[in-house]
Structures are given as C-alpha cells and as structure tokens.
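Visitor: Chains as they are written, first to last, in the numbering used here: chain A, 35 to 519; chain B, 108 to 223.
If a hint is listed, it holds; no wrong ones were tucked in.
Okay, derived cross-link-like pairs now, SDA-like style, lysine to any residue, Cα gap no bigger than 20 Å in a straight line:
hint: 1; chain 1: B; residue 1: K216; chain 2: A; residue 2: V54
hint: 2; chain 1: B; residue 1: K217; chain 2: A; residue 2: V173
hint: 3; chain 1: B; residue 1: K216; chain 2: A; residue 2: H66
hint: 4; chain 1: B; residue 1: K143; chain 2: B; residue 2: F132
hint: 5; chain 1: A; residue 1: K512; chain 2: A; residue 2: G88
hint: 6; chain 1: B; residue 1: K217; chain 2: A; residue 2: P134
hint: 7; chain 1: B; residue 1: K217; chain 2: A; residue 2: L58
hint: 8; chain 1: B; residue 1: K216; chain 2: A; residue 2: Q133
hint: 9; chain 1: A; residue 1: K512; chain 2: A; residue 2: F426
hint: 10; chain 1: B; residue 1: K217; chain 2: A; residue 2: R64
Honestly, the hints are just simulated from the structure, not real lab data.
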Amino acid sequence: MSSFDLYTLSPLIVLCSAPVLVMLAIAVRRSHETSVAITLASLGLAFVLVRQLGAEAPRQITPLIVIDRFALFYMALIIAAAFVVAVQGYGYLKRRHVQPDEFYILLLIATAGAAAMAASTHFASFYLGLECLSVSLYVMIGYLRESPRSAEAGLKYLILAAASAAFLLFGMALVYAQLGILDFAGLAHAKATQTGSDMIVVLGFVMMLVAVGFKLSVVPFHMWTPDVYEGAPAPVTGFVATVSKASVFALLLRYFSAMDPHLYRPVYVAVALTAVLSMLAGNLLALRQDNVKRILAYSSIAHLGYVLVAYLAGGPAAIQAVSYYLVAYFVTTLGAFGVVGTLSTRGEHREMDSIDDYRGLFWTRPWLATAFTVMLLSLAGIPLTAGFIAKFSVMSAGVGADLARLVIVLALTSIIGLFYYLRIVAVMCARPAQSTAPVGAYVPEEKASRSGALVLFALTVTLVWIGVFPAPLIGILKTLTLGAH
Amino acid sequence: MDYFFVLMLAGMSAAMVAGGLAFSFLIAPHRPGAIKNSPYECGEPPIGQAWVQFNVGYYLFGLLFLVFDVEAAFLYPWAVAFHGLGFMAFLEMGIFLLVLILGLAYAWKKGALEWV
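Build the full structure now, drawing on both the sequences and the hints.
Guide: If you want it as structure tokens, here you go:
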C-alpha cells in the first residue's frame, strides 16, 4: 500500500480516527461542546477530503475498497447527513438527562461503517461496514435508556438486525462454497451458465437479499420499522431512515450492476415483487396511523419501494434516478425528523409525535410548521420541491426500461400517499383548541435551539433549491461511474 | 446429491430426539402429587419474586476482558507470521493496540474498574 493509497483512503481514515479522538476527549474532560466540536470538525474535514479526491478517482485499493466517483458521492451524502444528525442531536440531547458524549462516538463509527459500505467491492468489507453501522445503531436507538420505548426499540432492532446478519453471512457462505469468490467483480465474471442455474448460488443471493431487504425495510421485512422509528430518539430515527438505507442501496447498485440481474431471473422477480408490496403496504398502512413518526416510517417503506423501481430499470439511468431520489429523500427525511426532534422539548419519555400534538402548529410555531409542510409536500412529490423531480426521474427511468406495470403501481400508490401527508398539513392549519392545553411543547420560552433551527432552514432551502434548479445536481449525478476502469 | 446425507443426518437426529421424548412420555408412570408439583422438589420453597434488581457490575469486567481476549487472538497469528509481514504490519498492529489502550483509558476514567 503506497502513501498515495493512504491519501485516497483519507476520508475513511478521518472517520475512523474521529471516534477515538472523541473517546480520548471524554476521558480527559467530559464536555458536550467539545465532543460536538470534534465530531463536526472531523465530519467537515472528511467532507472536504471527499471533494478533493474527486480528481483522483477511480482507484482500487486492495481487493476490498474502490474509491470511484460513485463511492465518493455516496460518502459525501452520508457525511453530510451525519453532520445534520450531529447538530440535531446536540439540541436534542442537551434537553435530556443522559450523558450525551458517547452519542457522537457511536454516530462517527456508524458513519465510518456506512462510508466503507459505499466503497466496498468485496463481501468482507461489505460485512464489516454493515456491522460497524448496525452495532452502533443498536445503542443509538436505545440511547435514552430511561425511556422504555427507546430501550424496547433498541432491543428489537438488535434482535432483528442480528438475525438478518446471520442470513447475510449464510448467503455469502453458500455463494463462496459454490464459486470460491468473494469479490463483486469476480462474481460478475463467473459465467452465467455456471451460476444462473445453480440452485445453491441462487439461494445464497436470495438469502443476501433478505438481509438487504431488512436493512432497507421493504415488505416483507418491514415489521421492525414503525416500532423502531417511534421509539428511537428523533435525530437517530432520521439517521436510520437515511444513512443506513442509502449505504445499503449504494452497495446494491454496485453489486448488482457488476452482474446482469436479468441472468438471475428469480432474484429479479423477487425484487420487483418486493417493490410492489412495499409501495402498496407502506402507503396503505400509513393511512391508519395517528403517530407522525409511524406515518413517516410507513412512508419510508413506500419510498424505498419507489427507489427499487428505479433500481430495477438498470444501467446508468438507474444510478442517476436512484441517486437523485436518495438525495431528495435524505433532505426531506432529515428535515421531517428534525422538526419532530425540535418540537420534543419536554418530557423524558415522550416525544411530540402524536398527530394531535401538531394541531394548530401554524398558529403557534409558524416557521417550524412551514418547514415541516415543505418536507411533507416534497415527500408527496408536489412540484417545486425536490420530491417532484425525484419521482419524475424514477418514473422516467421505469418507463425507459419498459417497467410499465411497476410505474402504474407507483403512480397510483403516490396518490394514496398524498392523503396522509396532506392530513398532517391540514391538522397543522387547524385552529388550536382553546379549551384543552396542548400536550407537548410550544411554551414560548422553550425555543428550539438555534443550531437545530439553522439546519432545518438550510434543509428547507436545499429542498426547494434542488426542486427548482435540479440541473447542477443532475450534472454531478451524470458523472457518477462505477469501478476502476 | 452430496447434500442428501446432510438431510438424512438432520432427519435421523430429529427422529432420535422426538423418539426419546415420545417413548419416555408413553412408558413413564405419571402420578403427580402436592409435593411433587411444588417447585424444586428437592429444595427450598422460593421466597418472593425473582424479578428483583441485583448488581451486574461484573459485566463491565467481562466486557473489558473480552476486548483483550480478542486482542490476544489477533496477536498470536500476527506474531507467528511477523517475519514475513514487514514494517507495515508492525505499524498496523501498533494502531490496533493503541485504539484498544485508549479504550481502556476511557473505561478507567469512566470508573468501570471500580467495584461498586
């Protein structure tokens, strides 16, 4: 390994040494502000390094990791999301009686794992990245350990993620037993005649898909999603909904672009079926929820279904459509959970997540309500927001690849989705009930912490910006290429 | 076909377990009594509930032990292959150990080594 390789790996090295640094800082003197400062500084440094490396890509470093423009783009997305979560977490944890510092260690480790997954070209780096991410998430989800719901969510995620990791490992083992290959490029070169008909290899791939499906929380592996989203602290929910899913999706794009999915007909059909079921179940189940976090959980299931449609289109169009959709999804989801977290100022055991807590929010906290409305409209895919362009590009990718039936399901289920997003908006517009004092916050002196409000503002602006002027982002996405050519 | 024997083995082991249970159920005499049904037939009747809080302080020591146990598992193969690996491997192991030692320093500072 040359020193240039080390330079190419520098964002990952920064992300891996940052948690050690925070740990050391805590050992010397425990201070919330110091921990946040180190976290934000190292995330910023990693982001700058990722930008710098754009000129050096693509570069394969050991069989495990490739730094190409695709990997760099997803690393940048993940690091930016972690930055937002760190800022939101600062405001959120400041108001709670927990030791906040370890949160940032876990956040950084999870970010490093997710970034490693985006760049992995080998089963070993894939699995290591996934475990770094998952193990940190168990603790982050259960971080408010005084709250029974948070602890329950953490335990639930631990058990199900461990089970899905077992599926993943067994699938990898089956593929390795038959083909003797662990790297993605090698799998692509293994002749279709050799692998396509081999039941054990197909079984291995299907088992890996189970684990991936769990991480993406698509139907039928979605059962954990609402409970975990509801129980986890709001910033962590945002992190689970975005970073953990996007890193798996980046890997999925890299992995299955390496080999033609049409050769594995059963796998292809299974993914298509999963997409349809996710769109239907996510949107229909969200209709019956009275908890904003649960609504967002079911909506995220549906959104992953939409992304899968673009993914099935295959080719460069799929990479662009999926990446655009994920950027829009990142901004909206982080923003929406940021609003929930900002509102949850009081009470150790309860967040402001019941839909009744939002009644009349426009009259009490107009700015927050406006930001939340923009997020919801973008999730619904209303024009002038990023969500519209995202959904449009997914649909055009689907139509281009002759996936008419999937696109029809997408369009119909999106209309269902419109209903529950607008329901929240309607509740926020309603006049606040005068007789009963609202349950949650909106006591004037408990203002949202300024940093959290600033991040929310930035997210809202970004959302409208890339919705109105999508060209620069699409220009970047066009340059995303896979692998070291 | 190679896997047929695995299947056969699985079937045979399942049959043996199920057969043993079924056989003892069929031939064993079944005469319950007040004393036989009491918990711990040969011990003391329980006092109070088992759902009480008890100190699990030792788990921290267990965790710390595990960390350094795993470290030893990595050190052995590294030491055996040391001559062929070169300076880079030395550096990498140094970083690995440094992270673990910093972790110990953190745990120490946090008071994980105090018995409470």
